[in-house]
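Participant: What follows is each chain in one-letter form.
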Amino acid sequence: MRAARWLLVPLLAIPIGWVLFSGLGRDPSEIPSPLIGEPMPAFSLTTLDGRTLSSAELSGAPVVVNFWASWCIPACVEEHPVLMDLAARYGEQVLIVGILYDDTPQDALEFLVRYGDGGWTQLDDPSGSVGLAFGVLGPPETFFVDAAGIVRAKHYGPLTQATMARNLALIGIGP
Amino acid sequence: MLADIGHAAVVIGLAVSLFAAAASVLAARSGDIGLARAGRRAVYVACGLSAMACGVMVIALLGHDFSILYVARNNATTTPPFYSFISLWAALEGSILFWTLLLTAWSSLLLYRYRSAHPALMPWAAAGLAVVAAFFFAVMTWPGDPFVSVTPVAAEGNGPNALLQNHPFMGLHPPLLYLGYTGLAIPFALTVAALVTRRLDGEWLTLVRRWTLVPWIFLTAGIVAGAWWSYEVLGWGGYWAWDPVENAALLPWLTATAFIHSAMVAERGRSLRTWTVILVTTTFVLTLLGTFLTRSGVIESVHSFTQSAIGAWFLAGVLAALVVGAVLVVWRLPDLAGTGSPPALVSRESAFLLNNLLFTGLAFAVLFGTLYPLLAEALSGERLSVGAPWFNRVSAPFFAALLFLAGVGPALPWGAASWGTLRDRFVAPALVGLAFATLGTQAGLRGAAPLLTLGLAGFSATALLREVVRAARGRGRSRGEGWIRAAWGVATRNRRRYGGYLAHLGVLVAAVAVAVSASGSVQATAVLNPGQSASLAGYTVTHIDLVREPLAADPRVFETRAQVDVEGPQRGTLQPALRDYPNSVAAIATPIVMTSVGEDFYLTLMAYDPGTGAVTLRLFINPLVAWIWVGGAVVVLGAAFAIWPGRRTPAGAATAAPGST
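Protein sequence lines, in the order shown, are assigned to chains A and B. For my numbering, count along the first sequence from 1 and bump the result up by 152. Position 582 (the second sequence) corresponds to 569 in my numbering; numbering is contiguous.
By construction, these hints were calculated from the structure, which means they are not laboratory data. Treat the hints with caution; some may be incorrect.
[What the hints assert, rightly or not] Some chain A residues near chain B, calculated using beta-carbon distances under 10 angstroms:
{"#": "1", "residue": "174"}
{"#": "2", "residue": "176"}
{"#": "3", "residue": "265"}
{"#": "4", "residue": "266"}
{"#": "5", "residue": "267"}
{"#": "6", "residue": "270"}
[Claimed, not checked] Listed next, with one range per pair, are the computed distances between beta-carbon atoms:
{"#": "7", "chain 1": "A", "residue 1": "191", "chain 2": "B", "residue 2": "377", "range": "23 to 29 angstroms"}
{"#": "8", "chain 1": "A", "residue 1": "240", "chain 2": "B", "residue 2": "359", "range": "38 to 44 angstroms"}
{"#": "9", "chain 1": "B", "residue 1": "555", "chain 2": "A", "residue 2": "206", "range": "36 to 42 angstroms"}
{"#": "10", "chain 1": "B", "residue 1": "2", "chain 2": "A", "residue 2": "287", "range": "51 to 57 angstroms"}
{"#": "11", "chain 1": "B", "residue 1": "584", "chain 2": "A", "residue 2": "159", "range": "33 to 39 angstroms"}
{"#": "12", "chain 1": "B", "residue 1": "512", "chain 2": "A", "residue 2": "206", "range": "29 to 35 angstroms"}
{"#": "13", "chain 1": "B", "residue 1": "-9", "chain 2": "A", "residue 2": "241", "range": "56 to 62 angstroms"}
{"#": "14", "chain 1": "B", "residue 1": "536", "chain 2": "A", "residue 2": "262", "range": "48 to 54 angstroms"}
{"#": "15", "chain 1": "B", "residue 1": "514", "chain 2": "A", "residue 2": "241", "range": "39 to 45 angstroms"}
{"#": "16", "chain 1": "A", "residue 1": "312", "chain 2": "B", "residue 2": "535", "range": "31 to 37 angstroms"}
{"#": "17", "chain 1": "A", "residue 1": "199", "chain 2": "B", "residue 2": "519", "range": "32 to 38 angstroms"}
Note that the structure is predicted; figures quoted are calculated from it, not measured. Cβ coordinates follow ideal geometry from the N, Cα and C atoms, glycine included.
Using the sequences plus the hints, can you model the full thing?
Facilitator: Next up, the structure:
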């Protein structure tokens, strides 16, 4: 009995230490999204060059869905080179889809002229309904969808090379 | 140059703190007075060194010395002096520096005050405090060095965090909160000393109670000031979001409040000693946990500092404090065993017990909700967040029961209460409570929460006032004094009791204000072109014009103001604004609040169209919000009244002899 009470100390310290320690590597900008593990919301939108694209056409390959806007400065400008790099390096393996968030096609095209057009599909979401379906709070937000059409990760805020690489690994893309 | 002085102060501070700890432990074991004095003086020196380091940082900030990385990151040549000064605590490394200053200042105050009293306890307390100080100096020496230099020196710095340079309250809220947090190291150190020396007696309890109450006052003021800051700055019309870091400040407040109450029972006998020791230890561990949560990037929060290696250090600190506390308590468990018999069911003792169950239960619930996302991710890899609705639902019954006890506890007698006493003391308050709730329905209040709060507050306030009136009438009759004079005489003769009553009244006022403002708030969003109007609850707002210009005080900041005419119960021309800071992605809202006794009119500019001058405005009409701040101020006043030194020397406090430092 006298010795048993000493068990209190590790019983208290170990679980608390473990829970707190497990959180140390967390990146708090990776906000939990109810979509993770769920199929990507379906949509059908017009591209900036006038075609219609539906989400059904995206199945079969991993997809990176990037919500952005020309007015979202500097965050969307900061992450633009990361997306350009993605298109250059993994353009064959992954589909990149940009979706405008509360923006006009003219302003978006001007942005692409100024900062570079990587050639990936850009969709206009004039009613904002697709942004709503994805639960976008404010651009930039990026969703990583695997080849089966399941959302695997969501990144809030500008992407960096490191966060891009980590999230790509979740949808089966990597060096 | 400045960086070298600051860095030297920190490193010497670490060495001096370690010396203070070693000398104090040796002094405690040998009883050597000279060594005890050396340990004590080393703590003063550590305080001086951290003051020097803080001074160096302030000089560097005011002089925009961008050769120091911290200054380059958190200051710009255009930053006004006031915001340069408060940048000392606005970012990670500086806040730890400031924290260390406050901690060593509290320690020095304690050790100087009792330099020739409590000779058995003080060396151990000094050792405990010196170890905590050494930990913070070590953090600043290795992972969180505030004096890192950069070359080449930039011509312009990044400027302070946009959110933190938007309101003068940033000069008030963090220092108050930090004074509370750091001060709570003292009761912990005193308790460690008492456990080691097996002196868990009345002397220890009196000391710990007093030295908990002082930081508790600062913590309370800091939390209220933080809520006020959030309300005035963030533009969402609210003041408390159950954000993890708000919870981190609330948790030690809850356990410290439980302690303040349990100490009153423990003082009357040997019961609740173990419990009291556990509360003091938990409170300190929770203050460290709060630091860990804000400084490690573990939990997402608007308060989070940038992620850094400091997290691992603070984790080690939290665990070390937890283990030391737990080992000491387990070691001394036989000494701590209570000898008191269980109290009568209806008595002041049982009211205190219930109070403690409620406060710790609430603390546990809040801790669970705060850490649940971490726990869930560790167990199942699932990421989720626990939102305000969960916290509101879980905490409401606790708060309701505590409101009830705030009046019941003080009015119940020690020992067992007879039916006659109960009828005598509680029938009138119950009727007043019912009357309050009825008046509330008449005034248009709907919903169980605000009506119950109003009823309970009416009940408790009447029970408290009845106690004051009863005592004042007795004194007035026997001495022939007038009402006010007799009440003042009664209160100053027993400051603890009547200060406590005043604090309870403040809580009741704030509780009613919280409940009514939460249920009675109305809001609307309006998109207005210049010249257009919108109406809400008797107010009409008219958008006159959109003005865009750089801020006079800091031209790097660009302000867009809507000029809005407000007509209604309160009127005026308001200029809610959005400010674009060069180092912030999002524009920072600058809401405008008009306050009257009954309600706040709160106006935020959400968005604007520079082409047409159209604005999106958000209007809130928040009833009684100002009374939350009034209630908070009354709580602080009451607690300050309770510990204000009276003419009588309180029992158990030794008097200091002159001529020793």
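Participant: Each hint: holds or not?
Facilitator: Hint check results:
Hint on residue 174(A) holds. Least Cβ distance to chain B is approximately 4 angstroms, under the 10 angstroms limit. Here the hint on residue 176(A) is kept, as its CB sits about 5 angstroms from the closest CB of chain B, short of 10 angstroms. Proximity of residue 265(A) to chain B is violated relative to the hint, the smallest CB-CB distance being about 21 angstroms (cut-off 10 angstroms). Taken as an interface hint, residue 266(A) does not check out: its beta carbon lies about 18 angstroms from the nearest beta carbon of chain B, beyond 10 angstroms.
Hint status for residue 267(A): violated, given a least beta-carbon distance of 16 angstroms to chain B, over 10 angstroms. For the restraint placing residue 270(A) at the interface with chain B, the shortest Cβ-Cβ distance is roughly 22 angstroms, beyond the 10 angstroms limit, so the hint is violated. Between residue 191(A) and residue 377(B) the Cβ separation comes to about 27 angstroms, which falls inside the hinted range of 23 to 29 angstroms. Taking 38 to 44 angstroms as the suggested C-beta distance range, the pair residue 240(A) and residue 359(B) conforms, at roughly 42 angstroms.
A beta carbon spacing of about 50 angstroms between residue 555(B) and residue 206(A) contradicts the range 36 to 42 angstroms that was offered as a hint. At roughly 53 angstroms, the beta-carbon separation of residue 2(B) and residue 287(A) lies within the given 51 to 57 angstroms, and the hint holds. The hinted range of 33 to 39 angstroms is not satisfied by residue 584(B) and residue 159(A), whose Cβ atoms lie roughly 58 angstroms apart. Distance hint check for residue 512(B) and residue 206(A): the Cβ-Cβ separation is about 33 angstroms, which falls inside the suggested range of 29 to 35 angstroms.
A hinted range of 56 to 62 angstroms is violated for the C-beta pair residue -9(B) and residue 241(A), which are about 45 angstroms apart. One distance hint, 48 to 54 angstroms for the beta-carbon pair residue 536(B) and residue 262(A), is violated here, with the actual separation near 26 angstroms. Checking the proposed 39 to 45 angstroms range against residue 514(B) and residue 241(A) shows it holds: the Cβ atoms sit about 43 angstroms from each other. Distance hint check: the CB atoms of residue 312(A) and residue 535(B) are about 32 angstroms apart, consistent with the given range 31 to 37 angstroms.
At roughly 37 angstroms, the beta carbons of residue 199(A) and residue 519(B) sit within the given window of 32 to 38 angstroms.
Violated hints for the displayed structure, listed by number in ascending order: 3, 4, 5, 6, 9, 11, 13, 14.
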